[in-house]
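Spelled out from the first residue to the last, the chains are:
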Amino acid sequence: MAPSSSAKVNDIPVVKERASSPWRDAWRNFSKNKVAIMGLVIVVFFILLAILAPVIMPYDYAKTNLLDRLQGPSAEHWLGTDDFGRDILSRIIYGARISLWVGFSCVIGSVIVGCTLGILAGYYGKWVDIVISRIFDILLAFPSILLAIAIVAILGPDLQNALIAIAVINVPNFGRLIRSKVLSVKEEEYITAAKSVGMNDFRILFRHILPNSMTPIIVQGTLAIATAIIEVAALSFLGLGAQSPDVDWGKMLADSKQYLVQAPWTMIFPGLAIMLTVLGFNLMGDGLRDALDPKMKQ
Amino acid sequence: MSDSYSNPVLDIKGLRTSFYTDDGEIPAVDHIDIQIHKGEILGIVGESGCGKSVTSLSVMGLIPSPPGRIIGGNILFNGENLLDASEKRMRSIRGNEIAMIFQEPMTSLNPLFKIGNQLIEALRTHRKWSHATYKERAIEMLNLVGLPRAEELLHAYPHQLSGGMRQRVMIAMAMICDPKLLIADEPTTALDVTIQKQILRLMRKLNETMETSIMLITHDLGVVAEVCDRIAVMYAGKIVEQSDAKTIFADPKHPYTKGLLASVPDIRSKTNRLFSIPGNVPKPGSIKRGCRFAERCQYAMDHCFEQDPDLYSFNNGKHQVRCFLYEKEGESAHESTITSS
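Just so you know, the protein sequences line up as chains F and H, in that order.
Sequence positions in the first sequence follow the UniProt record's numbering and run 1 to 298.
Sequence positions in the second sequence follow the UniProt record's numbering and run 1 to 341.
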């Protein structure tokens with residue numbers, strides 16, 4: 001139907017670039033931030049390391065060679081060898097697999113569980129909110145690493161259980177974050193508008209409220225990967241995480257603690273790997289926070 | 001009472017909606033009777049906080065609860081009592097048979113999704129069609145509300161549009177399922193005057209071409225004068241005067257309506273100060289007895305403070321006033337239902 005003359009608009013649509021979606025805007029802001037890009041580069045570097053591990057490992061990470069034990073960095077073993085003569089570089093590369101995988105999957109797990117609980121608590125309020133929020137409070141009342149140790153102690157010490165433990169202790173952080181965000185988003189007019197169109201709760205929750213509540217979760221999630229890597233390293237250090245012959249950076253630290261003076265490289269390099277990865281995620285997270293904050297837009 | 005008016009699209013009878021707070025019950029809407037007929041535009045006028053928006057949300061079944069609750073009355077939509085309808089039934093009515101547009105076009109669209117997505121989503125909630133048909137209908141609606149280059153617009157994000165364009169999109173979204181009743185809650189308040197006029201004309205046009213009844217909520221008398229067939233004036237949760245638009249402007253009876261009309265600046269008169277009704281809108285629930293306007297009314301009599309006036313009707317019930325001044329003149333509308341022209 002042709003618009004009548006009276007109904008024609010004066011303003012012509014200002015669709016400058018079709019590419020201007022909110023996510024693209026965020027990326028543009030992010031890419032301007034040099035420090036954040038540095039973080040991204042570090043993270044991508046370690047991810048590539050983890051993915052390509054079998055190809056680029058110079059030696060078998062588990063192969064012992066007692067003749068070469070505790071040797072310093074050399075042309076043959078760039079980062080030296082440990083007390084069983086295993087190549088530290090290979091172990092770090094392989095350890096990246098486990099550490100990163102654990103970091104990512106913990107956070108994904110706790111984001112899914114935390115967001116689902118948090119969004120229900122925030123949207124429905126009343127007793128749903130009371131029950132879920134109290135569960136969060138209880139989880140937060142424990143010192144997190146102590147709770148993780150307790151969970152692993154119950155489930156038995158292995159990597160998968162360490163992962164579950166770390167995921168559980170992170171659930172309330174995400175849950176609370178998204179709950180508070182949902183509390184404000186659900187009062188937005190476009191939510192009332194969505195209701196007035198006749199959408200059901202499921203649609204409103206997951207198509208309208210969730211995407212609009214995601215930004216703090218993305219930021220917190222990135223930062224939480226860093227924390228999760230440290231937490232898993234801590235559990236492994238305590239002997240509650242990766243078990244031989246598997247290796248992760250925390251376990252490498254644990255194995256090296258007797259040789260701290262004799263062969264400091266057995267500790268320094270895994271420590272550096274942890275530090276760099278965590279730094280990378282933190283820089284990236286900070287950059288994301290700035291990029292996704294609408295107040296920062298010029 | 002003519003035949004075409006015997007079955008109103010929307011028939012609100014004695015609606016009471018209250019909010020329960022720490023200070024006790026606050027009646028936001030108190031015994032309201034409104035009828036809207038097919039193809040009619042009813043304007044509900046009143047100051048902020050008089051219960052206009054609560055009335056519209058009550059019809060949609062979207063009163064935030066807690067603290068709000070509908071505690072009495074009936075809302076008959078084509079004869080079906082919406083207050084008895086299940087949530088599922090209400091969802092199938094919302095957007096499909098009764099649609100709503102809001103005051104703030106800037107915030108009523110989801111900022112993360114393209115216009116096309118949102119239009120089609122509204123449609124998909126109620127119609128099971130193919131994607132191509134959805135898209136066709138979306139483009140048709142955008143054209144209908146006077147937005148050029150509709151195809152391109154489907155791929156635009158809300159922040160790329162101006163306020164007037166967004167309100168047109170909102171109207172397109174509300175009308176996309178061809179509803180029988182459109183509730184417009186201050187649709188032009190956030191827009192500048194030129195765009196206001198265009199939007200009002202658009203609504204009038206849609207009302208004529210699609211035969212949609214419209215409940216237009218506003219505080220702006222200019223807006224109702226422009227488009228409404230009939231006007232209900234609300235004050236502190238009650239309807240104080242109801243009549244056809246011409247009569248309200250030509251022969252206002254209730255002192256509040258007179259005050260409202262007197263406070264509209266007139267371009268022809270040279271007054272320095274604009275007239276304003278003395279006092280403030282009473283806090284809902286603060287007046288327990290008597291006429292709610294009595295404190296601000298220059299004609300107030302003793303018994304105005306004691307007793308709440310009935311609706312008195314003139315012209316066979318076509319004009320109704322809730323004021324003791326007309327106790328003798330008008331006939332009490334207490335028994336008869338409200339009719340209108």
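Each hint should be verified, as a subset may be incorrect.
Unchecked claim - Some but not every residue of chain H turned toward chain F, in silico, with C-beta under 7 Å: (1) Met60; (2) Gly95; (3) Gln307.
What the hints assert, rightly or not - A short, non-exhaustive set of chain H residues, derived as facing chain F with CB atoms under 7 Å: (4) Leu62; (5) Ser65; (6) Glu104; (7) Leu274; (8) Pro278.
Stated by the list, open to error - Heads up, simulated SDA-like pairs for lysine to any residue below, C-alpha to C-alpha not over 25 Å straight-line: (9) Lys135(H) <-> Gly68(H); (10) Lys88(H) <-> Tyr123(F); (11) Lys126(F) <-> Ile63(H); (12) Lys135(H) <-> Tyr123(F); (13) Lys135(H) <-> Thr192(F); (14) Lys126(F) <-> Glu25(H); (15) Lys180(H) <-> Asn29(F); (16) Lys32(F) <-> Leu112(H); (17) Lys135(H) <-> Arg124(H); (18) Lys197(H) <-> Lys135(H); (19) Lys126(F) <-> Ile26(H); (20) Lys205(H) <-> Pro67(H); (21) Lys180(H) <-> Gly116(H); (22) Lys258(H) <-> Lys205(H); (23) Lys88(H) <-> Leu292(F); (24) Lys126(F) <-> Arg69(H); (25) Lys128(H) <-> Asp201(F); (26) Lys88(H) <-> Ala254(F); (27) Lys114(H) <-> Phe202(F); (28) Lys88(H) <-> Asn29(F); (29) Lys114(H) <-> Asp201(F); (30) Lys135(H) <-> Asn29(F); (31) Lys126(F) <-> Lys13(H); (32) Lys13(H) <-> Ile267(H); (33) Lys135(H) <-> Arg207(F); (34) Lys114(H) <-> Ala141(F); (35) Lys246(H) <-> Lys283(H); (36) Lys126(F) <-> Leu221(H); (37) Lys197(H) <-> Lys128(H); (38) Lys114(H) <-> Lys126(F); (39) Lys13(H) <-> Leu112(H); (40) Lys135(H) <-> Leu40(F).
Bear in mind the hints are in silico, worked out from the structure with no lab data behind them.
Fair warning: this is a prediction, and the values are worked out from it, not measured in the lab.
The beta-carbon is built from N, C-alpha and C at its ideal position, and this holds for glycine as well.
Right, here's what the structure says about each hint:
| no. | hint | result |
| --- | --- | --- |
| 1 | Met60 | 6 Å, holds |
| 2 | Gly95 | 4 Å, holds |
| 3 | Gln307 | 38 Å, violated |
| 4 | Leu62 | 6 Å, holds |
| 5 | Ser65 | 10 Å, violated |
| 6 | Glu104 | 5 Å, holds |
| 7 | Leu274 | 30 Å, violated |
| 8 | Pro278 | 34 Å, violated |
| 9 | Lys135(H) <-> Gly68(H) | 38 Å, violated |
| 10 | Lys88(H) <-> Tyr123(F) | 18 Å, holds |
| 11 | Lys126(F) <-> Ile63(H) | 16 Å, holds |
| 12 | Lys135(H) <-> Tyr123(F) | 31 Å, violated |
| 13 | Lys135(H) <-> Thr192(F) | 24 Å, holds |
| 14 | Lys126(F) <-> Glu25(H) | 20 Å, holds |
| 15 | Lys180(H) <-> Asn29(F) | 46 Å, violated |
| 16 | Lys32(F) <-> Leu112(H) | 22 Å, holds |
| 17 | Lys135(H) <-> Arg124(H) | 11 Å, holds |
| 18 | Lys197(H) <-> Lys135(H) | 29 Å, violated |
| 19 | Lys126(F) <-> Ile26(H) | 21 Å, holds |
| 20 | Lys205(H) <-> Pro67(H) | 38 Å, violated |
| 21 | Lys180(H) <-> Gly116(H) | 23 Å, holds |
| 22 | Lys258(H) <-> Lys205(H) | 30 Å, violated |
| 23 | Lys88(H) <-> Leu292(F) | 37 Å, violated |
| 24 | Lys126(F) <-> Arg69(H) | 16 Å, holds |
| 25 | Lys128(H) <-> Asp201(F) | 19 Å, holds |
| 26 | Lys88(H) <-> Ala254(F) | 59 Å, violated |
| 27 | Lys114(H) <-> Phe202(F) | 20 Å, holds |
| 28 | Lys88(H) <-> Asn29(F) | 43 Å, violated |
| 29 | Lys114(H) <-> Asp201(F) | 21 Å, holds |
| 30 | Lys135(H) <-> Asn29(F) | 33 Å, violated |
| 31 | Lys126(F) <-> Lys13(H) | 31 Å, violated |
| 32 | Lys13(H) <-> Ile267(H) | 39 Å, violated |
| 33 | Lys135(H) <-> Arg207(F) | 20 Å, holds |
| 34 | Lys114(H) <-> Ala141(F) | 43 Å, violated |
| 35 | Lys246(H) <-> Lys283(H) | 31 Å, violated |
| 36 | Lys126(F) <-> Leu221(H) | 41 Å, violated |
| 37 | Lys197(H) <-> Lys128(H) | 35 Å, violated |
| 38 | Lys114(H) <-> Lys126(F) | 33 Å, violated |
| 39 | Lys13(H) <-> Leu112(H) | 40 Å, violated |
| 40 | Lys135(H) <-> Leu40(F) | 39 Å, violated |
The structure fails to meet hints 3, 5, 7, 8, 9, 12, 15, 18, 20, 22, 23, 26, 28, 30, 31, 32, 34, 35, 36, 37, 38, 39, 40 from the earlier list, while all remaining hints are met.
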